[in-house]
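A.B. asks: Got chain B sorted already, so can you dock chain S onto it with the hints?
Same order as they appear, the protein sequences are chains B and S.
Residue numbers for the first sequence follow our numbering, so the first one is 1 and each next one is one higher.
Residue numbers for the second sequence follow our numbering, so the first one is 1 and each next one is one higher.
Everything labelled a hint here was simulated from the structure, so no lab data went into it.
Keep in mind that a hint or two might mislead.
A pair counts as met if it fits within one copy or between any two copies, since identical chains are not told apart.
Okay, derived cross-link-like pairs now, DSS-like style, lysine-lysine, Cα gap no bigger than 30 Å in a straight line [what the hints assert, rightly or not]: (1) Lys542 with Lys393; (2) Lys107 with Lys465; (3) Lys393 with Lys465; (4) Lys31 with Lys289; (5) Lys352 with Lys265.
Since this is a predicted model, take the numbers as computed values, not measurements.
2 protein chains.
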Amino acid sequence: MKIALAQLNYHIGNIAGNLQKMLSAVEDAWKQGADIICFGELSVCGYPPRDFLEMDEFIDQCLEAVETLQSASRDIAIVVGSPMRNPTAAGKDLYNAAFFLYAGEIKGIQHKTLLPTYDIFDEYRYFEPAKTFHTIAFKGKKIALSICEDIWNVGNENPLYTVCPLDEMMGEGPDFILNLSASPFDSAHAKERIHTVRVNVQQYGIPLFYTNGVGAQTDIIFDGGSLVMSPDGSVFDEMPYFQEEIRVYDLASVLEGGRDQEQDKDKITLIHDALVVGIRDYFEKLGFKQAIIGLSGGIDSAVTTVLAVRALGKEQVRVLLLPSQYSTGHSVEDARALAENLGIQYDILPIKPVFEAFESALHPFFNELPFNIAEENIQARVRGVLLMAMSNKFGNILLNTTNKSEMAVGYGTLYGDMCGGIAVLGDVYKTEVFELARHINASQVVIPENSISKPPSAELRPDQKDSDSLPPYDELDRLLFQYIEGRKGPKALVSMGFDPVLVTRVLRMVNQNEFKREQAPPVLRISTKAFGSGRRFPIVAKYSI
Amino acid sequence: MKIALAQLNYHIGNIAGNLQKMLSAVEDAWKQGADIICFGELSVCGYPPRDFLEMDEFIDQCLEAVETLQSASRDIAIVVGSPMRNPTAAGKDLYNAAFFLYAGEIKGIQHKTLLPTYDIFDEYRYFEPAKTFHTIAFKGKKIALSICEDIWNVGNENPLYTVCPLDEMMGEGPDFILNLSASPFDSAHAKERIHTVRVNVQQYGIPLFYTNGVGAQTDIIFDGGSLVMSPDGSVFDEMPYFQEEIRVYDLASVLEGGRDQEQDKDKITLIHDALVVGIRDYFEKLGFKQAIIGLSGGIDSAVTTVLAVRALGKEQVRVLLLPSQYSTGHSVEDARALAENLGIQYDILPIKPVFEAFESALHPFFNELPFNIAEENIQARVRGVLLMAMSNKFGNILLNTTNKSEMAVGYGTLYGDMCGGIAVLGDVYKTEVFELARHINASQVVIPENSISKPPSAELRPDQKDSDSLPPYDELDRLLFQYIEGRKGPKALVSMGFDPVLVTRVLRMVNQNEFKREQAPPVLRISTKAFGSGRRFPIVAKYSI
Numbered sequence: 001m002k003i004a005l006a007q008l009n010y011h012i013g014n015i016a017g018n019l020q021k022m023l024s025a026v027e028d029a030w031k032q033g034a035d036i037i038c039f040g041e042l043s044v045c046g047y048p049p050r051d052f053l054e055m056d057e058f059i060d061q062c063l064e065a066v067e068t069l070q071s072a073s074r075d076i077a078i079v080v081g082s083p084m085r086n087p088t089a090a091g092k093d094l095y096n097a098a099f100f101l102y103a104g105e106i107k108g109i110q111h112k113t114l115l116p117t118y119d120i121f122d123e124y125r126y127f128e129p130a131k132t133f134h135t136i137a138f139k140g141k142k143i144a145l146s147i148c149e150d151i152w153n154v155g156n157e158n159p160l161y162t163v164c165p166l167d168e169m170m171g172e173g174p175d176f177i178l179n180l181s182a183s184p185f186d187s188a189h190a191k192e193r194i195h196t197v198r199v200n201v202q203q204y205g206i207p208l209f210y211t212n213g214v215g216a217q218t219d220i221i222f223d224g225g226s227l228v229m230s231p232d233g234s235v236f237d238e239m240p241y242f243q244e245e246i247r248v249y250d251l252a253s254v255l256e257g258g259r260d261q262e263q264d265k266d267k268i269t270l271i272h273d274a275l276v277v278g279i280r281d282y283f284e285k286l287g288f289k290q291a292i293i294g295l296s297g298g299i300d301s302a303v304t305t306v307l308a309v310r311a312l313g314k315e316q317v318r319v320l321l322l323p324s325q326y327s328t329g330h331s332v333e334d335a336r337a338l339a340e341n342l343g344i345q346y347d348i349l350p351i352k353p354v355f356e357a358f359e360s361a362l363h364p365f366f367n368e369l370p371f372n373i374a375e376e377n378i379q380a381r382v383r384g385v386l387l388m389a390m391s392n393k394f395g396n397i398l399l400n401t402t403n404k405s406e407m408a409v410g411y412g413t414l415y416g417d418m419c420g421g422i423a424v425l426g427d428v429y430k431t432e433v434f435e436l437a438r439h440i441n442a443s444q445v446v447i448p449e450n451s452i453s454k455p456p457s458a459e460l461r462p463d464q465k466d467s468d469s470l471p472p473y474d475e476l477d478r479l480l481f482q483y484i485e486g487r488k489g490p491k492a493l494v495s496m497g498f499d500p501v502l503v504t505r506v507l508r509m510v511n512q513n514e515f516k517r518e519q520a521p522p523v524l525r526i527s528t529k530a531f532g533s534g535r536r537f538p539i540v541a542k543y544s545i
Numbered sequence: 001m002k003i004a005l006a007q008l009n010y011h012i013g014n015i016a017g018n019l020q021k022m023l024s025a026v027e028d029a030w031k032q033g034a035d036i037i038c039f040g041e042l043s044v045c046g047y048p049p050r051d052f053l054e055m056d057e058f059i060d061q062c063l064e065a066v067e068t069l070q071s072a073s074r075d076i077a078i079v080v081g082s083p084m085r086n087p088t089a090a091g092k093d094l095y096n097a098a099f100f101l102y103a104g105e106i107k108g109i110q111h112k113t114l115l116p117t118y119d120i121f122d123e124y125r126y127f128e129p130a131k132t133f134h135t136i137a138f139k140g141k142k143i144a145l146s147i148c149e150d151i152w153n154v155g156n157e158n159p160l161y162t163v164c165p166l167d168e169m170m171g172e173g174p175d176f177i178l179n180l181s182a183s184p185f186d187s188a189h190a191k192e193r194i195h196t197v198r199v200n201v202q203q204y205g206i207p208l209f210y211t212n213g214v215g216a217q218t219d220i221i222f223d224g225g226s227l228v229m230s231p232d233g234s235v236f237d238e239m240p241y242f243q244e245e246i247r248v249y250d251l252a253s254v255l256e257g258g259r260d261q262e263q264d265k266d267k268i269t270l271i272h273d274a275l276v277v278g279i280r281d282y283f284e285k286l287g288f289k290q291a292i293i294g295l296s297g298g299i300d301s302a303v304t305t306v307l308a309v310r311a312l313g314k315e316q317v318r319v320l321l322l323p324s325q326y327s328t329g330h331s332v333e334d335a336r337a338l339a340e341n342l343g344i345q346y347d348i349l350p351i352k353p354v355f356e357a358f359e360s361a362l363h364p365f366f367n368e369l370p371f372n373i374a375e376e377n378i379q380a381r382v383r384g385v386l387l388m389a390m391s392n393k394f395g396n397i398l399l400n401t402t403n404k405s406e407m408a409v410g411y412g413t414l415y416g417d418m419c420g421g422i423a424v425l426g427d428v429y430k431t432e433v434f435e436l437a438r439h440i441n442a443s444q445v446v447i448p449e450n451s452i453s454k455p456p457s458a459e460l461r462p463d464q465k466d467s468d469s470l471p472p473y474d475e476l477d478r479l480l481f482q483y484i485e486g487r488k489g490p491k492a493l494v495s496m497g498f499d500p501v502l503v504t505r506v507l508r509m510v511n512q513n514e515f516k517r518e519q520a521p522p523v524l525r526i527s528t529k530a531f532g533s534g535r536r537f538p539i540v541a542k543y544s545i
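Excised from the complex, chain B in its bound form (with noise of 0.2 Å):
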């Protein structure tokens, strides 16, 4: 038997071209000769849907293109993830399912027993979990269906849930499993990925064909890297990361195991061609062709420039220089250099003039009051003004530079700094903007080693530094990772050895700059707790610090 998984990237809504695009794969899979074709999870309508699951017609479309699929099962079994609805008036509404079509029926439907409702996942929000479970017979095997979450509470161990949908698929006997996943990237998810089909593998001893998503959806990342496991639990085929593939596997092959076909998973490899993806997939997916980004001189701005000309190409790529009278003639020259590092358009607008129309028109109430944040946050909204502007002109769309550190403290200005269609760096720690700038310049050096090694500073007064304000990046990004990405409250910050003085003073950055946060761009996931949907904390709170 051969069995065929697609890993496709999928694209919300848009269940014509998802639906095009499966049926393609259809046909390339059937002339391979493959007796089954596995597509993701949700892969009618791409994941996640959101409230569109909420909307009759939504549903109904995506019913529609089951049934396209139906039609087109004569010769191959299609295993196609869509919303179906809940036939009882008891529960939500919806299930979320794997359907089984061939030869122009649907051989079974499975649904998704383990519903995801923590960080960026709401599933409990539509769907209704699971009640029965049963193995699909198909040309002489029995193949156990499961969708995403469904394989990770193997023993039933993970403590959110307290029924595992496969043991209770096992009295039948399976002969392989078959997994439909849109499961989203984090630095260490691969790792954890295989980790957790393998002791699927372990525990059954039947091969499991685990089918991802690839692409992003807006903040969300899915890296692909669908694999094949053998019952002896060596790796048959891991499929590439961040990219489209269709490959067909011969069971017989993958029974016999021996293989180890694990890709390299180096961090800051995976993070930098996350991040590609997420910017490439925001703009082909909205339709855009042309970013715009402010260059500093830093390093934020530079790696995200980077970044931007890897996904869209030179030309696409346009920034602006915005010095103020703060501006170093070091940053101007640095930001310059890399621009023509990256052969890209860039053009130098000095906001002086305009911040000084600012100041003249405020002056009947600033009077001689010092210059303070207020003057600070001007110079900061002039650019994002002037950005914008050009966005508005020209069509292009402007990238916010925000990194994870400034964005968990707030050291930035709302309607400035943090304006953008999408938050490239707002996952990304200061300390690993610095190891992604590293690893561009690993083989030529794009980014000037001076915008690296130089103290990170906002040039909005004279001779600011980050440090002025901020404790170092090194020791503040240990902190902030410990509270955000490892939920410690203070007590158990102060015991694991961070100063108590640094703790609450950052702890309350963090808090009281939810405000900043909820207004700013959505923010490309590659962490286990990123700002966004993620996370989601009250503004209106007081925290007892």
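C.D. replies: Only chain S this time, still in chain B's reference frame:
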């Protein structure tokens, strides 16, 4: 037996503050001879605590507050809501619990069963549903404890759920039901609440004491309206809307019934009062004093300013008139008249000089390209920068004046008129803004008649009117309501009689402006479907409309 209901304004995360407030209410109720005092759902930490629930030390603090109340329960039973840990390894980490404390002991605990996971609610993200259901014996009575949604599935007829917790308790023959709620306001909610409570009372034939919270937590507003219903289905008492209150009820009198204390529920009055509370609590709970508003002479900023004055007092509201070269003289006069009617500080700051500085700065790029949306947006953003500069310099908070119709179709400038700490009218359709204005002017003209009667305009180019690019607001709002609140798809809308061309155009506008709403301020929620955390749509999506 005397039962006190405490309808309090909790503050998320302010566990010490909430505890003090509850201890003082206990003292008060005890002095009035109460045998029991009942607080609201999750009263120790405020609702919704969101991802604070994922922090161990936060749960510790909640449980310490429960312990303090336990010690205070010597002579009066205290019923309080708090998260608590799930002692078993299986399922979610927490329960949403009601503690019955008396004589310094925990006499009983009831977990919440029905965990709302829709709209603004994410309870299944955190909580495991109740597994056991028991009444509490107290002074010869049996009490059925229930939490909020637990009374919303009588007869198991709510399709979201498959169990009715009160049905499970009825075998023990409870004498009355206590319900601890945190049930958010919408303009029809008070009516539905009474209906639901009545359905329970009629089903079980015993009185129901329902305690709601009051006040706003950023976007989510609680209206109070705590209820006591007699077994005959009559409203024994309904507590005031939008005010803290503690009242003590004699069970024997409640059992008699025959009273009708239901309050008036005029929709626009309720919305008005909700918005006032929403503004007031945003400021009080964040420790802010003064608001600043950009006053255009139009109806949205006029209504927002009146609401702000009613929430904060006229000394605490300052307005800027920011006329463009396209503003009519009438607009400035209308804005000035409103400010004078309200007796608030106003200043006039024409934006033309700063706009011209931007035009000069951008001239090398824009050259002779025609004036378009780019220049319109620059003007709106100059206003945003000026208002934010005043906010930064003087510490007052900018209120956003965008209405729901504009927010729906994206008729507003990101980083321009979409700036602000909170969007006061972001859940109020334009046609409802007119109703609010008439309500405000009912006894005395506060808002100049011209601001109400003139055709709405952004005044960003010569002779601009909203109706140049939008359908008439009454038609637009009817369509938007059916799409947003009603979740009707394009086919259903056309079959309801809406023009197919208009449907396609408006739905596209709504969908394609998700990126703007993603960066909008939080919206005070007064409907069943507000923009914000209760409406989750992807940005990178294709809409098959």
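A.B. asks: Each hint needs a verdict: does it hold in this structure or not?
C.D. replies: Verification of the hints:
1. Lys542 with Lys393: between (43 Å within a copy, 24 Å between copies)
2. Lys107 with Lys465: The answer is neither: 65 Å in one copy and 58 Å across copies each exceed 30 Å.
3. Lys393 with Lys465: Between copies, since 22 Å is at most 30 Å while 34 Å is not.
4. Lys31 with Lys289: neither (35 Å within a copy, 71 Å between copies)
5. Lys352 with Lys265: Close neither inside one copy (46 Å) nor across copies (55 Å); limit 30 Å.
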